[in-house]
Amino acid sequence: MTNFTLHQNDLPPTVKFNGPVAVDCEMMGLKVGRDRLCLVQLQGRKGKAHLVQFAANQYNAPNLKKLLQDKKTLKIFHFGQTDIAYLKYYLGAETGPIFDTKIASKLARRFTDSHGLNDICKDILGIEVNKEKQKSDWGAKKLTDAQLKYAVTDVLHLHDLMDRLTELLKRDGLLNVAERAFDTVVNNGLIEAEGINTNALFAHHSSDRV
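Once you know that position 139 of the sequence shown is 139 in our numbering, the rest is easy, because the numbers rise by one and skip nothing.
By construction, these hints were calculated from the structure, which means they are not laboratory data. None of these values were measured; they are calculated from a predicted model. Hints are all accurate, no fakes.
DSSO-like cross-link-like pairs, simulated, lysine-lysine; straight-line CA separation at most 27 angstroms: (1) 71 / 16; (2) 72 / 46; (3) 65 / 102; (4) 149 / 66; (5) 72 / 48; (6) 48 / 122.
Build out the structure end to end from the sequences listed, making use of the hints.
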């Protein structure tokens with residue numbers, strides 16, 4: 001079994017991370033306000049992963065919120081916009097700064113349309129990521145071993161991906177562009193936490209409703 005600790009409703013104050021932290025979330029669906037936040041996964045560069053499971057309406061998590069908002073701690077996501085919206089809506093956390101591996105891949109690997117987590121892990125790291133449990137009941141009171149293993153896997157490789165993608169972005173002179181894009185991911189997530197559809201908000205056609 002992958003090395004992790006499961007916590008209930010908040011991160012203990014004794015848990016500390018040195019350097020960037022990989023972050024992922026599991027929800028009941030993808031509509032903020034309707035589908036609840038169930039699990040937040042955290043992985044430092046070294047050591048075990050920490051999973052925070054939330055019971056319904058139990059979102060007072062000051063320690064986790066402090067970490068997410070710590071401006072000195074870089075948070076690594078893979079396509080983090082929706083996660084950031086959920087973290088804002090349920091925990092009140094304005095997460096940042098971030099590095100987004102999907103956005104970085106789109107900028108650094110323009111020769112392909114394959115930017116899913118499994119795609120870039122396979123192409124960049126030579127690792128297959130099992131996404132079998134992506135669609136499962138994350139609101140269950142007791143998560144299965146398979147669910148927990150999947151949850152850890154979602155953050156396990158983000159540090160290595162960030163390192164490799166940063167090298168590619170620097171090579172092509174795109175790191176500053178990527179950092180601006182990461183800021184946009186954060187801002188869009190915070191907007192979506194207010195129930196605004198950012199795809200419609202910034203769409204060319206005025207008929208698209210937000």
